[in-house]
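What follows is each chain in one-letter form.
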Amino acid sequence: MSKKELKLAELEPESKEVSVLKEIMSGDPVRIALSVLLGFFIGAIFMVVFNPDVVKSWSNFGADPNYALSTVWWTIQDGYGALFSGSIYNLNADNFINGIRPLTETLRFAGPLIMAGLAVSLTFRVGLFNIGATGQMMVGLAGATFVSTRLHMPQVIHMLVAVLAAILCSMVWGIIVGILKARTGAHEVIVTIMLNYVATDLFTYFLREPGLLLEANGGGTPKSDHPDGTAMMGALLGPSFKLNYGLIFAAIAVFVYWWLMERSTFGFRFRMVGHNASAARAAGIKVENTFVWALAISAAFAGLAAATQGLSMDGGLTTSIEAGIGFDAITVALLGGSRAGGVVMAGLLFGAFKAGSSSMQVAGVSPEVLGVVKALIVLFIAAPPIIRALYRLPKPEPKVFAAIQQAKAAKVIK
Amino acid sequence: MNNVSRKALAGVAMAAASLLVLSGCASPKPGAGYIECGVSDEGSWTDKSFNESVMDGLMKAKDEFGVELKSAESNSSEDFAPNLQSMIDAKCDVIIAVGFNLVDAVNTAAEANPTNNFVTIDGWSNGATNLKPVGYNMAESSYLAGYAAASYSTTKVVGVYGGMKIGAVTAFMDGFYYGAKAYETETGTPVTVVGWDATTQKGDFIGGFAPNDAAGKAIAAGQLAQGADVLLPVGGDQFGALSEAINEAGSSAKMIGVDKNWTVANPEYADLMLTSIEKRMTQAVYDIVKAAAVDKTPFTGDAYTGTLANNGTDISETTFIDDALKAKLATLKAGIIDGSINPLQ
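From first to last, the protein sequence lines are chains A and B. Per our numbering, the first sequence starts with residue -9, numbered consecutively. Per our numbering, the second sequence starts with residue 27, numbered consecutively.
Keep in mind that a hint or two might mislead.
Said to hold, decoys possible - Derived BS3-like pairs: lysine-lysine, alpha-carbon spacing no greater than 30 angstroms straight-line:
#1 A/Lys276 / A/Lys46
#2 B/Lys117 / A/Lys232
#3 B/Lys316 / B/Lys86
#4 B/Lys55 / B/Lys322
#5 A/Lys46 / B/Lys86
#6 B/Lys182 / B/Lys55
#7 B/Lys359 / B/Lys207
#8 B/Lys117 / B/Lys86
#9 B/Lys88 / A/Lys46
#10 A/Lys46 / B/Lys117
#11 A/Lys364 / B/Lys74
#12 B/Lys228 / B/Lys191
#13 B/Lys354 / B/Lys86
#14 A/Lys46 / B/Lys74
#15 B/Lys55 / A/Lys46
#16 B/Lys243 / B/Lys207
#17 B/Lys228 / B/Lys182
#18 B/Lys191 / B/Lys243
#19 B/Lys117 / B/Lys74
#20 B/Lys207 / B/Lys354
#21 B/Lys359 / B/Lys228
As the list claims (entries may be wrong) - A short list of chain A residues far from chain B (calculated; beta carbon distances all over 10 angstroms):
#22 Leu93
#23 Ala176
#24 Lys276
#25 Val277
#26 Val282
#27 Leu338
#28 Val368
#29 Ile376
#30 Ile377
Claimed, not checked - Coverage of chain A stretches by chain B, computed from C-beta distances (three or more under 8 angstroms per stretch; other residues unrestricted):
#31 80 to 87
#32 120 to 129
Simulated from the structure, these hints should not be mistaken for laboratory data. Glycine is no exception: its CB is placed at the ideal position from the N, C-alpha and C atoms.
The shape of chain A in the complex, shown without the other chains:
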């Protein structure tokens, strides 16, 4: 079929799944902000309802209603106050360095979340539901662990080689998914979820084997040696802070992602396929190859996240170093609307949650509240009608064949 004969009616209707993904990602900032707000609000309800002091004071509500109401207020203030002092500025600190440490911790936690979030975002923009960042990170961690504990090189070079190893290992894992999807039509959700298990168990196996990654003088726990000092991502702001060079890698990753998706022809092809794969195919784009490329580049971001995570901790590496980042990345990508700027904001928010969760525990608030808030935010973003109904927002205009219009404007098709 030549391009001139292309008629709208002949296009395959896009699959429901892709259109849902598109609707979720089309989220405007207002709706996302409102979702976050609502998440915090319901989180506060959880904090209050499960606080024993509040329950006690409300059982005597008749006797002292003021006290009952004030316990509610104090609970919320203590909980979110602890989140603030654990993630932004510690008002009880003796000096500025201790005061500002929480903010540097937020940045430190945000780095890997942002990089992994970009990995998932990229595939979302190509219309792929990629659940595989966990597995890609595990394989990347294995690569970084091998280079950082088994090879010995000079300062900086060692770290860069370890980062590169992580990226390459992760890319291999991404390419496997791409090829399975492109050649056999296997669904990427199933393939990535299963490969997550394979990768986690593979890394565990490597960590168990004395000849591979197992620590030299350990008790047989699946744990590696401490990475060489030369391979570690050093402190960025001096020894008082744990913040490391991972933040620089995150900044580079954000810029590369932005340029790739918004400025390069490569990224344009990605977005075309994401908007409407059959239109893109009709326009002469090799959709299958695009899938492979997208998954490979996406996995590179996941590998960078893995390297940052692995080369910045005290002690040897275990699988738990991944810390659920691969899964949180899906949430970060959704919350950030798969745009570079959005992912940065979402990564910072989730980084703040991680940094603040221990001070919330110290303040006596269960950190699971933050898990609830996170989950609710995503739920609200994924369910636009709920948010529209709650805040009485107008229904967005349906975008009819936006991909085709865009393609026409760009003169890819006539």
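Dock chain B against chain A, hints included.
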């Protein structure tokens, strides 16, 4: 702006007032003003295993001495350092890091914060004088459990499996193995230990400490099929899965509890519990807090090792252990304490 700051002031005043009221009401306790803090290993404070034992000790000290308790759970190894840092920021007088996995993080924190006091349960100190390692000689009590298991067993096949192959786990398995073999040497009746061979250090492991792991259940089913009628799972709370495996096999096998006295702590398993190998961390934590908060003894980095001799570890009494066996175990215990019996031979 004005309004906000007035509200804030009112809040501060209210907090101060409530503090006054609170301190007015509470009768002064010997440990008031002391802050004890705990950071868990991966897992919750209610894991029915070592995290919970430590928390019990902290709670006991809080209730009896009126010390303040702050605690944080770790969900992954990424949380260890930030949780310890939060405790340092909260100006804790003693920070108890539970579990061998935190050993690197707590050593780093202890070196970086020489004015804070730390305790590492099941870990070790790289030399910091403000870090007290708490360890246990679990082989001693496990030896008694191994002997009791071999004696109680009718098939003379006993089973043992671990969460992961780490020192804190294999200490139990070694002691259990040699205890069972001691029964064989003494009576001449051959005893088979399935799941662990202390001479080759090879055996069955679940691969993690997730409660009631399916892999653990499969291992238990395999050991039951080999005739084992007393089983020891060294991996936190595996007793739900193990009791299911026993029921499904239609076996009358018994289990041996780990870390806590399971007969008392979980009466639903009492009919199945031959005994428990207790690691009395509750007592150790309580003693450490008491020494610092009440007796005002200066904190040192000297190691605490729980043994049969200092009652830091022992096996629990149950109705399944008859008087003859009890007397025999008492002799063995005395032998281990005076050094005439080596639990690792």
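So, going through the hints one by one against the coordinates:
Distance hint between lysine 276 of chain A and lysine 46 of chain A is unfulfilled; the C-alpha atoms sit about 65 angstroms from each other, more than 30 angstroms. A distance of roughly 19 angstroms separates the Cα atoms of lysine 117 of chain B and lysine 232 of chain A; the hinted pair therefore holds under the 30 angstroms criterion. Of the supplied pair hints, the one linking lysine 316 of chain B and lysine 86 of chain B holds, its CA atoms being roughly 10 angstroms apart against a limit of 30 angstroms. A C-alpha spacing of about 14 angstroms is found between lysine 55 of chain B and lysine 322 of chain B, which places the hinted pair at or below 30 angstroms, so the restraint holds.
With a CA separation close to 22 angstroms, the supplied pair lysine 46 of chain A and lysine 86 of chain B stays within the 30 angstroms bound. Restraint check for lysine 182 of chain B and lysine 55 of chain B: not satisfied, since their Cα atoms lie roughly 53 angstroms apart, outside the 30 angstroms limit. Simply put, lysine 359 of chain B and lysine 207 of chain B have alpha-carbon atoms about 16 angstroms apart, close enough for the 30 angstroms limit, and the pair holds. For a cut-off of 30 angstroms, the pair hint linking lysine 117 of chain B to lysine 86 of chain B stands: about 21 angstroms separates their Cα positions.
This hinted pair checks out: lysine 88 of chain B and lysine 46 of chain A have alpha carbons roughly 20 angstroms apart, not beyond 30 angstroms. Between the alpha carbons of lysine 46 of chain A and lysine 117 of chain B the distance comes to roughly 29 angstroms, so the proposed pair stays at or under 30 angstroms and holds. A threshold of 30 angstroms between alpha carbons decides the hint, and for lysine 364 of chain A with lysine 74 of chain B the separation of about 28 angstroms falls inside it, so the pair holds. For the hint pairing lysine 228 of chain B with lysine 191 of chain B, the CA-to-CA distance comes to about 9 angstroms; that is within 30 angstroms, so the pair holds.
For the hint linking lysine 354 of chain B to lysine 86 of chain B, the alpha-carbon distance of about 34 angstroms lies beyond 30 angstroms, and the restraint is violated. Distance restraint check for lysine 46 of chain A and lysine 74 of chain B: the Cα-Cα separation of roughly 27 angstroms lies within the 30 angstroms cut-off, and the hinted pair is therefore satisfied. The suggested pairing of lysine 55 of chain B with lysine 46 of chain A holds, with an alpha-carbon distance near 24 angstroms, which does not exceed 30 angstroms. For the proposed pair lysine 243 of chain B and lysine 207 of chain B, the alpha carbon gap of about 25 angstroms is at most 30 angstroms, so the pair holds.
In summary, the hint linking lysine 228 of chain B to lysine 182 of chain B is supported, as the alpha carbons are separated by about 20 angstroms, within the 30 angstroms threshold. Distance hint between lysine 191 of chain B and lysine 243 of chain B is fulfilled; the C-alpha atoms sit about 17 angstroms from each other, no more than 30 angstroms. Between lysine 117 of chain B and lysine 74 of chain B the alpha-carbon distance is near 29 angstroms, which keeps this suggested pair within the 30 angstroms criterion. Taken as a hint, the lysine 207 of chain B and lysine 354 of chain B pair is honoured in the structure, with Cα atoms around 15 angstroms apart against an allowance of 30 angstroms.
Restraint check: the Cα-Cα separation between lysine 359 of chain B and lysine 228 of chain B comes to about 27 angstroms, which is no more than 30 angstroms; the hinted pair holds. Under the 10 angstroms C-beta cut-off, the non-interface status given to leucine 93 of chain A relative to chain B holds; the minimum distance is some 13 angstroms. Its beta-carbon lying about 27 angstroms from the closest one in chain B, alanine 176 of chain A satisfies the requirement of being farther than 10 angstroms from that chain. With 10 angstroms as the threshold on Cβ separation, the claim that lysine 276 of chain A sits away from chain B holds: the shortest Cβ distance comes to roughly 40 angstroms.
For valine 277 of chain A, the condition that its CB be more than 10 angstroms from all CB atoms of chain B holds, with the nearest at approximately 38 angstroms. Even its closest Cβ contact with chain B, about 32 angstroms, leaves valine 282 of chain A beyond 10 angstroms, as expected for a residue assigned away from the interface. With 10 angstroms as the threshold on Cβ separation, the claim that leucine 338 of chain A sits away from chain B holds: the shortest Cβ distance comes to roughly 16 angstroms. The beta carbon of valine 368 of chain A sits about 18 angstroms from the closest Cβ of chain B, which is more than 10 angstroms, so the claim that it is off the interface holds.
Its beta-carbon lying about 29 angstroms from the closest one in chain B, isoleucine 376 of chain A satisfies the requirement of being farther than 10 angstroms from that chain. Consistency note on isoleucine 377 of chain A: stated as away from chain B, and its beta-carbon is indeed over 10 angstroms from all of that chain's, at 29 angstroms minimum. Judged by the Cβ-Cβ criterion of 8 angstroms, the stretch 80 to 87 of chain A is covered by chain B as claimed, because 3 of its residues qualify and three suffice. Coverage of the stretch 120 to 129 of chain A by chain B is violated in this model, with 0 residues showing a Cβ closer than 8 angstroms to a Cβ of that chain against a need of three.
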